[in-house]
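Chemist: Letter by letter, the chains look like this.
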Amino acid sequence: MATKRISTRFPEDLLEEMDVAATIEHMDRTELMKQAVKAYLAKLGEDPNFKEKVVDLYLRDRISLEKLGLLIGTEDAQAVRASKDLIDQGEALARKLA
Amino acid sequence: MLDTSSLVSLVHGDLLDRTLAEFSVIISNFVRDELHQMSAFDDADGRAATDVLARLDDLDLREVARAEVDPLRTSKVDEGEASCVVLAQGPDAAALISDDVDAMHQLQAYANKHGFDLGLGAVVVHALRKRGRLSQADALERLDRIAARRGWMGRPIYRAYRRAVASEEAG
Numbered sequence: 001m002a003t004k005r006i007s008t009r010f011p012e013d014l015l016e017e018m019d020v021a022a023t024i025e026h027m028d029r030t031e032l033m034k035q036a037v038k039a040y041l042a043k044l045g046e047d048p049n050f051k052e053k054v055v056d057l058y059l060r061d062r063i064s065l066e067k068l069g070l071l072i073g074t075e076d077a078q079a080v081r082a083s084k085d086l087i088d089q090g091e092a093l094a095r096k097l098a
Numbered sequence: 001m002l003d004t005s006s007l008v009s010l011v012h013g014d015l016l017d018r019t020l021a022e023f024s025v026i027i028s029n030f031v032r033d034e035l036h037q038m039s040a041f042d043d044a045d046g047r048a049a050t051d052v053l054a055r056l057d058d059l060d061l062r063e064v065a066r067a068e069v070d071p072l073r074t075s076k077v078d079e080g081e082a083s084c085v086v087l088a089q090g091p092d093a094a095a096l097i098s099d100d101v102d103a104m105h106q107l108q109a110y111a112n113k114h115g116f117d118l119g120l121g122a123v124v125v126h127a128l129r130k131r132g133r134l135s136q137a138d139a140l141e142r143l144d145r146i147a148a149r150r151g152w153m154g155r156p157i158y159r160a161y162r163r164a165v166a167s168e169e170a171g
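The listed protein sequences derive, respectively, from chains A and B. Those letters in the first sequence? Residues 1 to 98, per our numbering, in order. Those letters in the second sequence? Residues 1 to 171, per our numbering, in order.
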């Protein structure tokens, strides 16, 4: 997987805590941060409020289908994509039914 | 042709009477059975199912054989929706209307394969608006009301449909 270097600032006490945890877990800071972010995103991914906001972003064309799939799962993303198609086709069908 | 989820949505939008007055609504025996099962629950959806069952005489109930339904069932498409797919292929069904977002990808595949129209329950609100049976403000308010009853996937979808209706009217 491709990686990208980022620069960020941490409070010193949080860095110290992180270093202790990294030592105990036999990993470096980078690996610990990756694991922490993954765990955080996985937790968010279980939160219906978060998922609702992600779907909203997709329906407003603010994020791609690929990103939607990463955040809510591929099957749910396909279901939302199909529903978006139906929203786009809604005017024509409403006219037909009317 | 309305499935269980879209009928329940219309009750939540207080639009069942108006829909039945304006459209010939086809349902299947499997949808009727789902409504019976749902009506056993003492919650908003259960009460909505009870309301639909009270109007059963005003629905065009069609029998579908299990042998036709079973091949169309998947992990996402239940027997109610599968029976609607069967009926949607008939000559007098204008469209299959469903609010089961979980099943939508598979239902869309069936619609493309068998050549029938597929729509969200919101399209009924939209059609009532186009027939002049709802004012714009009323249609948008009903969509809001239905959205509030939906889950994390259905709620933003209903809100997006509402934006589409609002922008169409504004344009």
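Simulated from the structure, these hints should not be mistaken for laboratory data. Errors might be hidden in some of the hints.
Claimed, not checked - The list that follows gives simulated cross-link-like pairs (lysine to aspartate or glutamate, DMTMM-like), each with its CA atoms no further than 25 Å apart:
id, chain 1, residue 1, chain 2, residue 2
1, B, K76, A, E12
2, A, K53, B, D102
3, A, K96, B, D14
4, A, K96, B, D45
5, A, K43, A, D85
6, A, K84, B, E141
7, B, K76, B, D57
8, B, K76, A, E75
9, A, K38, A, D56
10, B, K113, A, D47
11, A, K38, A, E66
12, A, K53, A, D85
13, A, K53, A, E66
14, A, K53, B, E141
15, A, K43, A, E66
16, B, K76, B, E141
17, B, K113, A, D56
18, B, K130, B, E141
19, B, K113, B, D70
20, B, K130, A, E12
21, B, K76, B, D43
22, A, K96, B, D43
23, A, K84, B, E63
Here the structure is a predicted model, which means the values were calculated and not measured.
Chemist: Indicate, hint by hint, whether the structure satisfies it.
Modeler: Okay, the hints, checked on the actual structure:
{"no.": "1", "hint": "B/K76 - A/E12", "verdict": "violated, 49 Å"}
{"no.": "2", "hint": "A/K53 - B/D102", "verdict": "holds, 17 Å"}
{"no.": "3", "hint": "A/K96 - B/D14", "verdict": "holds, 23 Å"}
{"no.": "4", "hint": "A/K96 - B/D45", "verdict": "violated, 29 Å"}
{"no.": "5", "hint": "A/K43 - A/D85", "verdict": "violated, 29 Å"}
{"no.": "6", "hint": "A/K84 - B/E141", "verdict": "holds, 21 Å"}
{"no.": "7", "hint": "B/K76 - B/D57", "verdict": "violated, 30 Å"}
{"no.": "8", "hint": "B/K76 - A/E75", "verdict": "holds, 10 Å"}
{"no.": "9", "hint": "A/K38 - A/D56", "verdict": "holds, 22 Å"}
{"no.": "10", "hint": "B/K113 - A/D47", "verdict": "violated, 35 Å"}
{"no.": "11", "hint": "A/K38 - A/E66", "verdict": "holds, 17 Å"}
{"no.": "12", "hint": "A/K53 - A/D85", "verdict": "holds, 19 Å"}
{"no.": "13", "hint": "A/K53 - A/E66", "verdict": "holds, 16 Å"}
{"no.": "14", "hint": "A/K53 - B/E141", "verdict": "holds, 21 Å"}
{"no.": "15", "hint": "A/K43 - A/E66", "verdict": "holds, 19 Å"}
{"no.": "16", "hint": "B/K76 - B/E141", "verdict": "violated, 30 Å"}
{"no.": "17", "hint": "B/K113 - A/D56", "verdict": "violated, 29 Å"}
{"no.": "18", "hint": "B/K130 - B/E141", "verdict": "holds, 15 Å"}
{"no.": "19", "hint": "B/K113 - B/D70", "verdict": "holds, 17 Å"}
{"no.": "20", "hint": "B/K130 - A/E12", "verdict": "violated, 62 Å"}
{"no.": "21", "hint": "B/K76 - B/D43", "verdict": "holds, 23 Å"}
{"no.": "22", "hint": "A/K96 - B/D43", "verdict": "violated, 34 Å"}
{"no.": "23", "hint": "A/K84 - B/E63", "verdict": "violated, 31 Å"}
Of the hints listed earlier, those the structure fails to meet are numbers 1, 4, 5, 7, 10, 16, 17, 20, 22, 23, in rising order.
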